[in-house]
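Residue numbers (our numbering), protein chains in the order written: chain V, 1 to 330; chain F, 1001 to 1286.
The set of hints was computed from the structure by calculation and includes no laboratory data.
Every value quoted in this text rests on a predicted model; they were computed, and no experiment measured them.
Mixed in with the good hints, there may be bad ones.
Unchecked claim - DMTMM-like cross-link-like pairs, simulated, lysine to aspartate or glutamate; straight-line CA separation at most 20 Å:
hint: 1; chain 1: V; residue 1: K109; chain 2: F; residue 2: E1014
hint: 2; chain 1: V; residue 1: K249; chain 2: F; residue 2: E1100
hint: 3; chain 1: V; residue 1: K207; chain 2: F; residue 2: D1285
hint: 4; chain 1: V; residue 1: K311; chain 2: V; residue 2: D28
hint: 5; chain 1: F; residue 1: K1084; chain 2: F; residue 2: D1099
hint: 6; chain 1: F; residue 1: K1012; chain 2: V; residue 2: E104
hint: 7; chain 1: V; residue 1: K249; chain 2: F; residue 2: D1099
hint: 8; chain 1: V; residue 1: K249; chain 2: F; residue 2: D1094
hint: 9; chain 1: F; residue 1: K1117; chain 2: F; residue 2: E1051
hint: 10; chain 1: V; residue 1: K278; chain 2: F; residue 2: D1285
hint: 11; chain 1: V; residue 1: K207; chain 2: V; residue 2: E104
hint: 12; chain 1: V; residue 1: K63; chain 2: F; residue 2: E1014
Claimed, not checked - Derived coverage of chain V by chain F (criterion: at least 3 residues anywhere in the stretch with Cβ under 8 Å from a Cβ of chain F; other residues may be distant):
hint: 13; stretch: 105-112
hint: 14; stretch: 242-248
hint: 15; stretch: 271-277
hint: 16; stretch: 292-303
Ideal placement from N, C-alpha and C gives every residue a C-beta, glycine not left out.
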Amino acid sequence: MILNKQKVAALLDHLSGARDVFVPATVDGVAKFARYGEGVQPDFGMVNTTMPPKDLLFPQTQKMYHFDVDANGSYRIHEYDESREQVVFGIRPCDMRSIVCMDEVFLTKGFVDEFYANARDKLLTVCVGCAQAAETCFCDSMGVDPQMAPNADVMLQDCGDAYLVLAQTEKGEAEVAEWSAFTEEADAQPVTCDLTLKVDMEGVVDKLEGMYDAPIWDNLSIKCLNCGTCTYVCPTCHCFDISQDMRRKDGIRFRCWDSCMFSEYTMMAGGHNPRPEKLERVRNRFMHKLNFFERRYGMSLCVGCGRCVEKCPVALDITRLIDEIGAYDA
Amino acid sequence: MPSIEISHGCAKGERPLVPQVCRVVEITEETPDVKSFRLQTLDGKKPFDCEPGQLGMFGLLQYGECMFVVSAQSDEWVQFTVKKVGLVTEHLHDLAVGDEVSLRGPYGNWWPTEGCKGKDMLFIAGGIGLPPVRSFLLYCLEHREDYGRIDLVYSASKYDDLVFKEQLFDVWPNDPDMHVHVSLYHEDPQWDGEVAYTAPFLDSLELGPEDGNRVAVICGGPSLSRTCRESLLNAGYSEELILTTLEMRMKCGVGKCGRCNMGGHFICLDGPIFSLAEIATMHSDV
Ligand SMILES: Cc1cc2nc3c(=O)[nH]c(=O)nc-3n(C[C@H](O)[C@H](O)[C@H](O)COP(=O)(O)OP(=O)(O)OC[C@H]3O[C@@H](n4cnc5c(N)ncnc54)[C@H](O)[C@@H]3O)c2cc1C
Ligand code: SF4
Ligand code: SF4
Ligand code: FES
Chain V
1 MILNKQKVAA LLDHLSGARD VFVPATVDGV AKFARYGEGV QPDFGMVNTT MPPKDLLFPQ
61 TQKMYHFDVD ANGSYRIHEY DESREQVVFG IRPCDMRSIV CMDEVFLTKG FVDEFYANAR
121 DKLLTVCVGC AQAAETCFCD SMGVDPQMAP NADVMLQDCG DAYLVLAQTE KGEAEVAEWS
181 AFTEEADAQP VTCDLTLKVD MEGVVDKLEG MYDAPIWDNL SIKCLNCGTC TYVCPTCHCF
241 DISQDMRRKD GIRFRCWDSC MFSEYTMMAG GHNPRPEKLE RVRNRFMHKL NFFERRYGMS
301 LCVGCGRCVE KCPVALDITR LIDEIGAYDA
Chain F
1001 MPSIEISHGC AKGERPLVPQ VCRVVEITEE TPDVKSFRLQ TLDGKKPFDC EPGQLGMFGL
1061 LQYGECMFVV SAQSDEWVQF TVKKVGLVTE HLHDLAVGDE VSLRGPYGNW WPTEGCKGKD
1121 MLFIAGGIGL PPVRSFLLYC LEHREDYGRI DLVYSASKYD DLVFKEQLFD VWPNDPDMHV
1181 HVSLYHEDPQ WDGEVAYTAP FLDSLELGPE DGNRVAVICG GPSLSRTCRE SLLNAGYSEE
1241 LILTTLEMRM KCGVGKCGRC NMGGHFICLD GPIFSLAEIA TMHSDV
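When you get a sec, could you build the whole thing from the sequences and use the hints?
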């Protein structure tokens, strides 16, 4: 089954009738996943959005519950579920892999994060394969196929003028069954996507085990500004803070993205901070991406999207770090 | 050396981030800046069942929530012992009996009560490190026949900083084969006992490893932990038989928010209880 690229706009109009559909688009100068509708021009030619799609599942700021405190100091908690049916149309294979990582974090190991789980159940993922890569993309080195995301409900492989439509889950099959007005029964050949940026991950995870005190962390961290950009644009960074806001008797408890690059992140009462310097924080971020997560969940926490490579103001580049680890001789 | 099996990542629960509303049913002033709070649900029940050493996020909806170890429990309540150190703990200290609070949990792993059966127990704590140790100690005393000789070595800076004084001086010394050793770091007009830092005090007691038959449990600030670990290792204890709790800043308590990691371990979920042998394999920033 194929979907002609010229039919995509009509399909989006159809989909957005009942649900919120998010598409890659540039809004106010920022490339992100924006709600399809007035003034949002989907752009499936752009390789990667600046902002990752993670906020569809894990909003930058998310209300968890409301509460009120009455005159006697009595508490009432009102649970809050903001989740709704959403479609992400045009998510890339690297970002689909980031959802595999997020699912591990939020849905496994004894506790299911209710807010993430609600949003995840209601998200339909339509992944668009990449016909070309950006200079900063290195997903294939991280085990991602730029034309295939096995966990997408629907995979649209780029074949030039059309997409080859693959329904990969029950949800995806049910969805695609409704698309007959837009699709055709035909075959097409996905184009190959060549990536120029390569890294060699062979042996890196194990090698890092013995490199915690290696001098590379010093050299790397010295130029970091601790601005946190890398963590905000990263599709797999999932750290959050929990806080509250109180207006008169009504309050909300919310969570919001946080960053391990900030020193307050680990600051404890009394001023003790286990990661006081840039060195410890930079090391923690990269070790988490390339080793800790692998040990805990059996996969890398870097999907090779290249966003941090592109956006870091001082060009602190994870691909060069991986090269250095490979070349490191203890 | 025989090692003791400690469970990690064993806590489980539904809908972990929304607290329940509880009520303070009893407050004990332990020291000028430490209070213990007993909590029950609004309908007078125990808020949750937990194992000794597990944690709870106890707080006030308007101000925030903090992680504390359940320092004691009964069939009707759980208790937290809170030192006033900052924003939220300051507000907790203003609570009165009957006030409503928020609570979620239980989180974290628990003391290896099974694995320690039949052993002599050496508990070592400093200052506000006693609540976590007490959760284990109380369990041993409740199941007295399962454990051998019990020693508690406890120190604090001043007399006023000793928590649980009644149990320390009046209750525990009368328990069978339970030996309480208390020292202060500094001379104090209210004190005629030992004046010594914990590690040298511990050395002076000559409580050896008994051929792997004694388990040591340490809980205190960074310098107490370091010096007492050294003392025990010098005395011949194996790293497998020295247990301790780790502390990192926490927000979610369930291994999601990321901040409490030590290497690939989340202290809130995999810990806080580890043996020194386990800690030695972790990438630690501390
Ligand atoms: C596993 C564990 C068990 C603990 N058990 C006890 C106990 O039994 N009794 C006791 O008095 N204290 C205990 N603490 C320490 C207690 O959590 C902190 O003292 C408390 O969070 C300080 O909060 P605050 O708002 O008053 O301080 P602030 O300095 O104002 O802190 C602001 C916020 O930072 C975080 N934070 C600051 N310090 C710590 C810290 N040391 N650990 C974790 N989060 C922190 C909290 O989210 C807090 O709300 C424990 C900590 C951990 C990690
Ligand atoms: S984007 Fe670059 S400078 Fe900013 S915190 Fe990340 S590594 Fe440091
Ligand atoms: S670490 Fe950088 S390249 Fe890797 S997934 Fe995150 S933003 Fe993308
Ligand atoms: S407190 Fe959130 S991961 Fe441990």
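Cross-check of the supplied hints:
1. Using a Cα cut-off of 20 Å, the hinted pair K109/V and E1014/F holds, with the two alpha carbons roughly 12 Å apart.
2. The hinted pair formed by K249/V and E1100/F meets the criterion: a straight-line CA distance of about 15 Å does not exceed 20 Å.
3. Between K207/V and D1285/F the alpha-carbon distance is near 19 Å, which keeps this suggested pair within the 20 Å criterion.
4. The straight-line distance between the Cα atoms of K311/V and D28/V is roughly 18 Å, inside the 20 Å bound, and the hint therefore holds.
5. Using a Cα cut-off of 20 Å, the hinted pair K1084/F and D1099/F holds, with the two alpha carbons roughly 18 Å apart.
6. Distance restraint check for K1012/F and E104/V: the Cα-Cα separation of roughly 15 Å lies within the 20 Å cut-off, and the hinted pair is therefore satisfied.
7. Restraint check for K249/V and D1099/F: satisfied, since their Cα atoms lie roughly 16 Å apart, inside the 20 Å limit.
8. Proposed proximity of K249/V and D1094/F is supported: the alpha carbons are some 19 Å apart, at most 20 Å.
9. Among the hinted pairs, K1117/F with E1051/F is consistent with the structure: their alpha-carbon atoms are about 16 Å apart, no more than 20 Å.
10. Our distance criterion of 20 Å between C-alpha atoms is met by K278/V and D1285/F, whose separation comes to about 12 Å.
11. In summary, the hint linking K207/V to E104/V is not supported, as the alpha carbons are separated by about 24 Å, beyond the 20 Å threshold.
12. Between K63/V and E1014/F the CA atoms are separated by roughly 18 Å; this keeps the pair inside 20 Å, and the hint holds.
13. Evaluation of the coverage hint for the stretch 105-112 of chain V: fulfilled, as 6 residues show C-beta separations to chain F shorter than 8 Å, against a requirement of three.
14. Counting residues of the stretch 242-248 of chain V whose beta carbon lies closer than 8 Å to any beta carbon of chain F gives 4, which meets the minimum of three for the stated coverage.
15. Residues of the stretch 271-277 of chain V lying with their CB closer than 8 Å to a CB of chain F number 3, which satisfies the three-residue condition for coverage.
16. Proximity of the stretch 292-303 of chain V to chain F, defined as three or more residues with a beta carbon under 8 Å from a beta carbon of that chain, is established by the 4 residues found.
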